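We have chain A; now place chain B onto it with these hints.
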Amino acid sequence: MSARSSDRPIVASDRVSDVLARDESLKEVFIQAAPQLAKLRNPAIRRVMARLVTIEQVARMAGLSCDDLLQHLNAALGIARDASPPAPARRPDEHTASQPLDTAARPPGATEVILDVRDDLRAGREPFSAIMATIAKLATDDVVHLRTIFEPLPLYAVLEKRGFVHESQAHADDDWSIWFWRDAARNSARAAATAGGAITDRSAAAVAEAGQDPKVVWLDVRELEPPDPLIRTLTALETLPEDHTLVQVNRRVPQFLLPMLAERGYAYDIDESHTDYVLVRISRVR
Amino acid sequence: MTAVTPPRAARITLDARIARAPGAMTPPPNATRLAGEHFAAATVYLVAGALGLVWIAPELAAGAYPSPHVAAVAHLFTLGWITMTIFGALYQLLPVALGAPVRSVRAGHASFWSFAPGVACFATGVAGGSNVLRHAGIALVGIGVLLAVGNVAATLRTARTRDVTWAAIALAITFLTSTLALGIILLHNLQTGFIAAARARVLAAHLHVAIIGWALMMIVGVSHRLLPMFLLAHGADTRWTRRSLAMLASGVPALAAGIMTQRTLLSWTGIALIELGIACFLRQVVAFHRVRVKRRLDVGVLFAATALGFLAIGAALGPIALGAGAGHSRLDTAYVTVGLLGGVVMFIVGFFYKIVPLLAWTARYRGRMGKERVPTVAETFSARVAHVQLVAMALAIALLGAGIGAGSATAVRTGAGLFVVGVALLASQLGRATFGTPR
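As you go down the protein sequences, you meet chains A and B in turn.
Under my numbering, the residues of the first sequence are numbered 212 to 497, in order.
Under my numbering, the residues of the second sequence are numbered 742 to 1180, in order.
Bound conformation, chain A alone:
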């Protein structure tokens, strides 16, 4: 069947990789709409970037109206814009901040850890693990200075959940600096907010209850393939304050993770009382 035969219109939450999988020539539509997206012609960059960003995020990166970009893309597929349904609701683990997360200045006198992933991205290598490893080793007051070839909007959401705020600066279309640092004052509020978005079918009362506990950090790994849940959880635990609890939301009991938790001195509770997911509450053994 032809890739163009699908009648489903492209929507704002579609990932660029899914759009290009339908018809790779659509990259020219992106580039025509925003010449700064010409880097999509590079297969290596396309491979990494396209998987990470949604149409809505691309539109923001390029300073375009998302509706206009969708209209161009759907028109190229021969789908009338009128046929497009409204964009679906966000997934529970998806980025919720469409505006800069913080406008405050970077902490003065902080140690700056520079991580340059521009060559990795140009070579088509996934930089996420390296970034998270750097974040994991960061001292409380340090600042990470990340150099990339595009604005890493999805990363903002990931790090926001860990209590990081950011500031970004474009030196050129393919040269960005982003600084991340912990904002202790906002962490408690963020933990509550993240808890609210972690599980879709939780009642409002339960969300409120979770939101009241500032020492609980939620990590939803239901949409990740093994071994990503394992890595993300262990990475998150490395930065978890001693008196905090990490709650992993999984589809099943993470059997490979449990012995590793025990080896690293963590205790865990497993709550299997829910139909569709399992909660694993992890904290340090005191």
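The hints are simulated quantities; they were obtained by calculation from the structure and are not laboratory data.
Keep in mind that this is a model prediction, so the values were computed, not measured.
Where hints are given, some of them may not hold.
List time: in silico EDC-like cross-link candidates among lysine to aspartate or glutamate, alpha-carbon distance up to 16 Å [to be verified]:
id : chain 1 : residue 1 : chain 2 : residue 2
1  : B       : Lys1035   : A       : Glu436
2  : A       : Lys348    : B       : Glu1113
3  : B       : Lys1035   : A       : Glu449
4  : B       : Lys1112   : A       : Glu436
Frame of chain A, contents of chain B only:
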């Protein structure tokens, strides 16, 4: 859903974990080693089986499936590769699939050390016509199988969930025991000839119980758990697995009984049920595929998908072979070759790519995960080589099937040679994932 804080969840600390009761959820730490030794031996037997294919190419092309050489090589695949891999996978995956760690790791090792040399002994004895080796081999294989079946059965008793995967494993190990019994009858017949003309019928029953009752039933049950995990496909209609298992579980005994008692209606009923069972399984896979979140299929899943194509071809050949009756030995041989090597062996190779590098990666990097950057699982082997292997093996099986159908020893030998290339690439990949330096 109202509870955020687990109401009565068991708190398991390090000490409590060590002192856990049987049936608790943490897998025994040495189950990975147990699985690893099974996977290593299985790979050796796959290489031996592939080389054996080249050796028996002329006999395959002639449709001489009852020949001792063909029987020996077939057992390298069925016992050495398929059964060994399934045992290893069960030891590793029972905790994940059923929340039940393997009942006895020690019994698992004992089973392995009986079964692994037993397969070599048995295959050598069958190929060389040595009674001593055959009997020693079947004794070791029998002990290994019974220990493994007992161990798995005891584990199933403690399982926290009794779902379709649980039922599939229970049914499959029952069929494995039946396969062993039929095999012992055939072996005894080699010496005494006591079943006389019924030998071909018992052999056909043995084959179908082994390949469909044991291997395919296990594949259907395990896929029900693993495919959604590999494809990130949640929310699919999963009733097709139950239907598939019901059809296969009733079809296999019906077909076996029909063949052995020469009741045509019973045989056709059995084969119809099996066909429906395979169709339901394929429908289940399509259902998972449709709801998947992961858009790009990795090489392990591509192997499994290719295997399903061969399984469908094998399923189409089954009724033709039954309808043609005796005297069409090349058709029978092509049917079994495509179903066994294409449908089952390839499928297991696909799951091997998903499971073995992950286990090796976990064992190598478990102390460093989360603390520093570690290579991804995909970086521990070459996806490009794996794709070349997939093409080589798919072509090999197509050539083997066509060559046997046409009676061309050259085509069969070429197919067997390509199969060897594919298997050698797999072995190199596994070696690289386990011991090599990641990219």
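Right, here's what the structure says about each hint:
no.	hint	in the structure
1	Lys1035(B) / Glu436(A)	holds (9 Å)
2	Lys348(A) / Glu1113(B)	holds (8 Å)
3	Lys1035(B) / Glu449(A)	violated (28 Å)
4	Lys1112(B) / Glu436(A)	violated (20 Å)
Going down the numbered hints, you'll see the structure goes against 3, 4, while the others check out.
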